[in-house]
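Chains as they are written, first to last, in the working numbering: chain U, 1 to 103; chain V, 104 to 746; chain W, 747 to 920.
Check before you lean on any hint, since a few could be wrong.
[As the list claims (entries may be wrong)] Interface residues of chain V toward chain W, partial, derived using beta-carbon atoms under 8 angstroms:
1) Pro320
2) Leu324
3) Ala325
4) Val728
5) Val735
6) Trp742
7) Cys744
[Stated by the list, open to error] Below, computed lysine-lysine pairings styled on DSBU-like, alpha-carbon distance capped at 35 angstroms:
8) W/Lys919 <-> V/Lys710
9) U/Lys99 <-> W/Lys775
10) V/Lys132 <-> V/Lys309
Treat the hints as calculated values from the structure; they're not laboratory data.
Computed from a prediction, not measured in an experiment: that's the story for all the values here.
Backbone N, C-alpha and C define an ideal beta-carbon position, used for all residues, glycine too.
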Amino acid sequence: MELTMLWYLVPSVIMFICGVYGFITRHNLIAILLSLELMLNAADLNFVVFNRFLFPGAMEGMFFTLFSIGIAAAETAIAVAIVVNIYRAIGNTDINEIKKMRF
Amino acid sequence: MEMTLPILILAIPITMFLILGIGGVYMSKKMAGVLGILGMGVTMCIAYYVALTYFFSGDPAFIDAQGLRLQVPVFDWLWLAFTNALQVKLGFLLDPISAMMLIVITTISFMVHLYSWGYMEGEKGFQRFYAFLSLFSFSMLGLVVATNIFQMYIFWELVGVSSYLLIGFYYKLPSAVSASKKAFIVTRFADLGFLIGILILSFYCKTFDFIPITNDPTSVLASTGGATFMGASVLTWALVLIFVGGMGKSAMMPLHIWLPDAMEGPTPVSALIHAATMVVAGVYLVARMFPLYLIEEASLLFVTCVGAITAFYAAVVACCQIDIKRVLAFSTISQIAFMMVALGVARPELHDGFGYMASMFHLFTHAMFKALLFLGAGALIHAVHSNDYTAMGGLRKYMPITHWTFLIGCLAIAGIWPFSGFFSKDEMLAAMFANHWFWGAWMTMVAGLTAFYMFRLYYLIFWWEENPHYKEHKPHDAPWQMSLPLIILAAVSCVAGFIPFGEFVTWNRMPYHIHIELPVAATSLTVAILAIALATVMYRKKNPIPSRLKAAMPGLWQAAHRRFYWDEIYMFITHKIIFNIICKSIAWFDRHVIDATMDGFAKITQKTSFAIRGMQSGSIQTYIVWYFLGAVLLAGITWICIF
Amino acid sequence: MDQVGNIILYFVTALVIIVFSVMTVTSRKILRSATYLLFVLLATAVMYFQLGYQFLGAVQIAVYAGGIMVLFVFAILLTHRPNQDEQALTSHKRVLGITCSALGAILLLFALFTMPVCEGTTLCQALTDNNVDMNAIGTALLGTDKFQYLLPFEAVSVLLLACIIGGVVVARKR
Numbered sequence: 001m002e003l004t005m006l007w008y009l010v011p012s013v014i015m016f017i018c019g020v021y022g023f024i025t026r027h028n029l030i031a032i033l034l035s036l037e038l039m040l041n042a043a044d045l046n047f048v049v050f051n052r053f054l055f056p057g058a059m060e061g062m063f064f065t066l067f068s069i070g071i072a073a074a075e076t077a078i079a080v081a082i083v084v085n086i087y088r089a090i091g092n093t094d095i096n097e098i099k100k101m102r103f
Numbered sequence: 104m105e106m107t108l109p110i111l112i113l114a115i116p117i118t119m120f121l122i123l124g125i126g127g128v129y130m131s132k133k134m135a136g137v138l139g140i141l142g143m144g145v146t147m148c149i150a151y152y153v154a155l156t157y158f159f160s161g162d163p164a165f166i167d168a169q170g171l172r173l174q175v176p177v178f179d180w181l182w183l184a185f186t187n188a189l190q191v192k193l194g195f196l197l198d199p200i201s202a203m204m205l206i207v208i209t210t211i212s213f214m215v216h217l218y219s220w221g222y223m224e225g226e227k228g229f230q231r232f233y234a235f236l237s238l239f240s241f242s243m244l245g246l247v248v249a250t251n252i253f254q255m256y257i258f259w260e261l262v263g264v265s266s267y268l269l270i271g272f273y274y275k276l277p278s279a280v281s282a283s284k285k286a287f288i289v290t291r292f293a294d295l296g297f298l299i300g301i302l303i304l305s306f307y308c309k310t311f312d313f314i315p316i317t318n319d320p321t322s323v324l325a326s327t328g329g330a331t332f333m334g335a336s337v338l339t340w341a342l343v344l345i346f347v348g349g350m351g352k353s354a355m356m357p358l359h360i361w362l363p364d365a366m367e368g369p370t371p372v373s374a375l376i377h378a379a380t381m382v383v384a385g386v387y388l389v390a391r392m393f394p395l396y397l398i399e400e401a402s403l404l405f406v407t408c409v410g411a412i413t414a415f416y417a418a419v420v421a422c423c424q425i426d427i428k429r430v431l432a433f434s435t436i437s438q439i440a441f442m443m444v445a446l447g448v449a450r451p452e453l454h455d456g457f458g459y460m461a462s463m464f465h466l467f468t469h470a471m472f473k474a475l476l477f478l479g480a481g482a483l484i485h486a487v488h489s490n491d492y493t494a495m496g497g498l499r500k501y502m503p504i505t506h507w508t509f510l511i512g513c514l515a516i517a518g519i520w521p522f523s524g525f526f527s528k529d530e531m532l533a534a535m536f537a538n539h540w541f542w543g544a545w546m547t548m549v550a551g552l553t554a555f556y557m558f559r560l561y562y563l564i565f566w567w568e569e570n571p572h573y574k575e576h577k578p579h580d581a582p583w584q585m586s587l588p589l590i591i592l593a594a595v596s597c598v599a600g601f602i603p604f605g606e607f608v609t610w611n612r613m614p615y616h617i618h619i620e621l622p623v624a625a626t627s628l629t630v631a632i633l634a635i636a637l638a639t640v641m642y643r644k645k646n647p648i649p650s651r652l653k654a655a656m657p658g659l660w661q662a663a664h665r666r667f668y669w670d671e672i673y674m675f676i677t678h679k680i681i682f683n684i685i686c687k688s689i690a691w692f693d694r695h696v697i698d699a700t701m702d703g704f705a706k707i708t709q710k711t712s713f714a715i716r717g718m719q720s721g722s723i724q725t726y727i728v729w730y731f732l733g734a735v736l737l738a739g740i741t742w743i744c745i746f
Numbered sequence: 747m748d749q750v751g752n753i754i755l756y757f758v759t760a761l762v763i764i765v766f767s768v769m770t771v772t773s774r775k776i777l778r779s780a781t782y783l784l785f786v787l788l789a790t791a792v793m794y795f796q797l798g799y800q801f802l803g804a805v806q807i808a809v810y811a812g813g814i815m816v817l818f819v820f821a822i823l824l825t826h827r828p829n830q831d832e833q834a835l836t837s838h839k840r841v842l843g844i845t846c847s848a849l850g851a852i853l854l855l856f857a858l859f860t861m862p863v864c865e866g867t868t869l870c871q872a873l874t875d876n877n878v879d880m881n882a883i884g885t886a887l888l889g890t891d892k893f894q895y896l897l898p899f900e901a902v903s904v905l906l907l908a909c910i911i912g913g914v915v916v917a918r919k920r
């Protein structure tokens with residue numbers, strides 16, 4: 001039995017699908033953010049795997065992941081700040097409560 | 104002659120218009136008046152210099168060895184060059200008729216400027232009035248010196264605009280406003296014909312310029328290639344349509360209805376625009392294109408018929424008007440029609456086409472004496488504050504200057520020797536008799552009517568019986584600014600007939616020696632004197648003859664007084680037929696078909712948006728569901744397509 | 747032996763990723779969700795190590811596990827009372843989520859298993875001669891040639907600075 005690329009991509013797919021499921025179903029804003037991180041992480045893993053198996057001599061996939069992690073950090077910081085702000089404004093972080101601006 | 108002087112003739116009035124129009128509100132009335140008069144005075148001097156140089160200098164640039172006066176485009180600036188054929192130029196064409204018109208326009212305009220200083224004194228909008236007068240002078244001068252038909256059209260519209268502005272000068276009076284609208288719409292309507300005519304003509308001869316068109320009319324005819332439309336040649340159609348434009352401006356039947364109403368404007372305006380200059384633009388237009396009209400005799404016949412009918416109609420109506428300005432307005436229509444007929448009967452084989460010369464001569468003399476009559480009427484209105492002769496009567500003792508100058512004007516228009524009208528009218532009648540005895544006889548009758556209604560007016564104003572109101576408000580002669588133009592114009596009307604006009608203006612620009620045709624002159628003089636005598640009997644002293652006549656023919660009097668119901672006919676056509684039947688159905692179509700379609704679109708859009716607005720929920724999770732399903736769908740389709 | 751060790755390591759990490767991913771999105775206690783996510787991230791880091799990207803694995807642990815997760819935990823503690831469970835899912839939402847995920851999963855896995863490119867190199871072949879050393883990473887990050895990343899690097903640093911300021915501005919007390 002050999003470990004080919006497929007083996008690594010399957011957990012990545014499952015991670016991503018879990019992220020989608022969580023994003024669609026969860027009520028809590030922070031839980032949605034967690035799902036987002038899952039999807040992001042799955043994508044990162046894909047980059048690395050492709051880099052390793054298809055272009056072993058190059059480093060582009062790795063660098064893409066590196067920057068992606070940096071941007072994820074930035075995004076999370078802002079998102080968390082917004083969530084905290086929302087909590088201050090309406091007292092909870094349920095996405096169904098944030099409907100004031102809806103038509 | 105260098106180019107600057109002719110440019111100045113156009114530049115000074117337009118500059119004056121801009122200065123007075125923009126800066127007028129910051130000026131005192133006196134200053135605006137002085138500026139306007141000075142500007143026009145200078146323009147007049149330059150125009151005289153230019154015209155007299157043209158006629159008398161003998162410069163080979165203006166006249167060749169055989170005595171042929173040349174057409175000189177002093178400058179011709181290419182303004183818009185669309186294609187090689189479609190080029191619009193602005194220029195200054197000096198030839199006998201334009202030089203003559205320069206003199207007429209600047210003289211009358213200067214007189215009116217001077218006169219208005221007295222007449223309009225104390226009026227609100229004095230500066231505006233002078234600005235508009237300058238605009239009009241500019242436009243009219245630009246019209247007569249146009250080197251091409253398109254420039255003429257541009258200035259033609261500009262005089263229409265200034266006429267509109269000046270008729271509606273008292274814009275607070277509803278009657279003035281509707282009169283100005285009427286004038287504008289009717290002339291605009293006629294100008295549509297003019298424009299179509301221009302387009303047809305220039306389509307075939309590939310140029311707008313007068314000089315190539317008029318110097319070589321046969322090539323224009325050849326260029327149409329014998330094309331015909333509804334039995335008449337294309338060239339005839341073009342000329343008739345161009346003449347329709349002239350009919351509108353010159354108030355020929357059936358487009359005459361605006362001119363009587365235009366009398367709502369201030370009287371100096373009536374004198375300048377609606378008697379002496381603008382309304383003869385139609386005559387000028389035909390004269391300008393005359394060589395073309397000559398090769399299509401059908402169009403000349405049309406001109407003649409329209410003129411003859413209009414002349415008679417206007418003369419009859421003028422006999423039954425109460426408002427003195429309306430009498431003068433109809434007299435103007437009649438006299439312009441006279442000129443049209445004279446143009447229409449002119450043929451080169453008949454005494455070198457002297458009908459053309461006579462027409463231009465009458466244009467010249469008529470401008471002078473009709474301006475004089477209008478200015479005199481203005482002085483009367485100024486004195487008694489009414490337009491109707493019923494408020495006048497017996498004024499000769501109170502207003503001697505006005506009386507004498509008005510009498511001279513009446514004698515001139517009636518065609519009594521030695522006043523100017525006699526000479527020009529005699530030439531015109533001679534030309535008509537030379538063409539066909541019918542035109543001569545018909546127009547002699549009109550000339551008799553002219554003498555009759557003018558003297559009816561004269562007697563009713565200055566004799567008849569004294570109006571009792573004079574006791575409380577004594578009328579007096581106008582101030583010098585108003586009297587001076589009257590005296591000058593009267594003097595001109597006395598002597599203008601002795602100008603050897605044929606030496607200067609003829610259809611082929613070769614000199615022609617005027618000689619009075621004794622039988623014609625005797626006939627017309629006799630008819631005029633008889634008519635004056637009749638008027639004297641009827642109107643000199645208060646007597647019951649006129650009212651008895653009126654009672655004898657109430658229908659005729661009423662019809663003539665109401666101008667043979669032309670306005671009513673127009674009202675019927677426009678309101679009952681066009682507005683009620685055509686416009687209403689179109690409006691229905693617009694509202695219920697076109698608008699309804701558009702409303703339908705709007706309603707469908709609105710309904711659809713309301714139906715699908717739930718999708719725009721603002722819920723990010725719903726969005727992600729749609730987004731994700733879409734992505735999956737796309738990926739699936741791609742997958743299916745690949746394998 | 748190496749081969750066997752790799753396989754065992756792979757199965758452990760894969761199992762951890764799959765199980766804790768599912769638990770992350772299904773747990774109704776938010777703090778537990780965060781913890782499960784942490785496990786997923788750590789397992790991913792292990793996978794990076796296994797694939798020969800030591801630096802990346804370290805960054806994953808430091809930034810994700812060390813930084814981002816702490817942020818999440820703080821946010822959770824700030825916005826939740828103790829023992830506050832998330833309300834139960836409505837069946838409508840669950841069905842929707844499961845349908846979407848199932849569709850996506852079917853498509854992705856189908857694509858994955860029919861893709862011939864997946865069957866090429868094995869891990870051992872890929873790993874033989876390419877150890878990504880720190881020297882190469884540093885050169886690539888701070889160079890301006892082709893395949894070098896000074897500009898994105900600087901851009902990310904500016905982005906992070908902007909985030910710091912933005913986070914402070916958004917979250918500060920008014």
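Verification of the hints:
no., hint, verdict
1, Pro320, "80 angstroms, violated"
2, Leu324, "79 angstroms, violated"
3, Ala325, "77 angstroms, violated"
4, Val728, "6 angstroms, holds"
5, Val735, "5 angstroms, holds"
6, Trp742, "7 angstroms, holds"
7, Cys744, "13 angstroms, violated"
8, W/Lys919 <-> V/Lys710, "45 angstroms, violated"
9, U/Lys99 <-> W/Lys775, "24 angstroms, holds"
10, V/Lys132 <-> V/Lys309, "49 angstroms, violated"
Figure legend: structure checked against the earlier numbered hints; hints not met, in rising order: 1, 2, 3, 7, 8, 10.
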